[in-house]
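> Protein chains in written order, with this note's numbering: chain A, 2 to 192; chain B, 2 to 192.
Just so you know, the hints here were simulated from the structure itself, not pulled from any lab data. Keep in mind that a hint or two might mislead.
Same chains, same label: a pair holds when it works inside one copy or across any pair of copies.
Capping the alpha-carbon separation at 30 Å, the derived lysine-lysine pairs in DSS-like fashion look like this [claimed, not checked]:
| id | residue 1 | residue 2 |
| --- | --- | --- |
| 1 | 36 | 140 |
| 2 | 122 | 156 |
| 3 | 52 | 36 |
| 4 | 183 | 122 |
| 5 | 156 | 52 |
| 6 | 156 | 36 |
| 7 | 183 | 52 |
| 8 | 52 | 122 |
| 9 | 183 | 36 |
| 10 | 183 | 140 |
Number of protein chains: 2
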Amino acid sequence: MGRWEPNARGRLEQAALELYGERGYEQTTVAEIAKRAGLTERTFFRHFADKREVLFAGAASLQELFVSTASGAPASAAPIDAVAAALEAVAAMFQERRAHSRQRHAVIVANAELQERELIKLASLSTALADTLRGRGVKEPAASLTAEAGVAVFKVAFERWIDADDERDLGHLVRDSLDELKAVTAGHVRP
Amino acid sequence: MGRWEPNARGRLEQAALELYGERGYEQTTVAEIAKRAGLTERTFFRHFADKREVLFAGAASLQELFVSTASGAPASAAPIDAVAAALEAVAAMFQERRAHSRQRHAVIVANAELQERELIKLASLSTALADTLRGRGVKEPAASLTAEAGVAVFKVAFERWIDADDERDLGHLVRDSLDELKAVTAGHVRP
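Based on the provided sequences and hints, a complete structural model is requested.
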């Protein structure tokens, strides 16, 4: 067993994001990440399978939070309200990580392979959310459409949050985007 | 110049789909596709860059039809109605190709790389549709949310059409899925 490394995982993550931003994702090696974090490659591989996983290790907990919040909503809640509760919970989780989220987003948009991986992450999230809604008794196609709507709201609100130069929090943007989707589908938005 | 080959493109496409279904996409070579179609490899490469393009050559015309129909809607139309018109046009285009669409879909779902390519195709479609709506004077985030909603409806309706054992046409399923999305976002659907 290696010696105890205080917050090794967080230090590796931070070092990786810095290097991906400075040199580009493709050009960065695991050896460089470990060195920047003041750790060994062996420690890196105790925490991450490869350099891509540093960027996607959070996908499982994002999905878990989405699904558990939606499935914990009152049984009588409309599916869109179960999804709204999940969006709120997810927004609160991200809110403290805005600088980190921006760094990560800049790395993703600069690399086609990472963008593809991000699309897969969102598609998996939609599938998991639709499963959860069906588990709550929501029929098809309502379950899949509600899940797709929830992921669309998350995606659009997240990009607004990343781009925003003001301090509106992600929770605000998620609520605003959901209201806007409701207005749009009701035909209340005009050119 | 090669001699004139009647419907070479369609024959290559049909041969490729048959072979991908019989042997798997990975295991099929361009030489085998050309042979099955009774054509040469050289003819194949006059029509398609590689064996993957046979499956995605239609993406550009799908996007073009989506975008041109949405941008041709009356200037006063609500964005969701411009998107609904585009969905109708796209549904009519696919309706005559149900057997082909089913064959293609079976190949895509059996291969992770092709599924990724399909997600990219839908993400590009959403981006192009949002651009079109902004060009019609729709503000953000309404433009992006309407585009995402339109692509979600297309995706869900398309999968219902592929899976359906009845003869409901894609236009019907697209209208039904859009109505369902409206009901879901309005909170009218209960578990």
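> As a check of your reading, is residue 52 near residue 122 (CA-CA no more than 30 Å) within one copy, between copies, both or neither?
both (17 Å within a copy, 26 Å between copies)
> Classify it for me, residue 156 with residue 36: is the Cα-Cα distance of at most 30 Å met within a copy, between copies, both or neither?
neither (34 Å within a copy, 45 Å between copies)
> One pair to classify: residue 52 and residue 36, alpha carbons no more than 30 Å apart. Within, between, both, or neither?
Only inside one copy: residue 52 and residue 36 sit 14 Å apart there, 43 Å across copies, limit 30 Å.
> Up to 30 Å between alpha-carbons, please classify residue 183 paired with residue 140: within, between, both or neither.
Both, since 20 Å and 15 Å are each at most 30 Å.
> At most 30 Å between alpha carbons: which applies to residue 183 and residue 52, within, between, both or neither?
neither (39 Å within a copy, 42 Å between copies)
> Between the shortest in-copy and the shortest cross-copy C-alpha distance, which are at most 30 Å for residue 183 and residue 122: within, between, both, or neither?
both (25 Å within a copy, 26 Å between copies)
> If the cutoff is 30 Å on CA atoms, where do residue 36 and residue 140 land: within, between, both or neither? Let me know, please.
Result: close neither inside a copy nor across copies, 52 Å intra and 46 Å inter.
> Can you give me the call for residue 183 and residue 36, within, between, both or neither, at a CA distance of at most 30 Å?
Close neither inside one copy (49 Å) nor across copies (53 Å); limit 30 Å.
> Could you place residue 122 and residue 156 in one of the four classes (within, between, both, neither) given a Cα distance threshold of 30 Å?
This pair counts as both: shortest intra-copy Cα distance 11 Å, inter-copy 17 Å.
> Within a copy, between copies, both or neither: which one fits residue 156 and residue 52 at a CA-CA cutoff of 30 Å?
Classified as within; 24 Å inside a copy, 32 Å across copies.
The structure does not agree with the numbered hints 1, 6, 7 and 9 stated previously, though it agrees with the rest.
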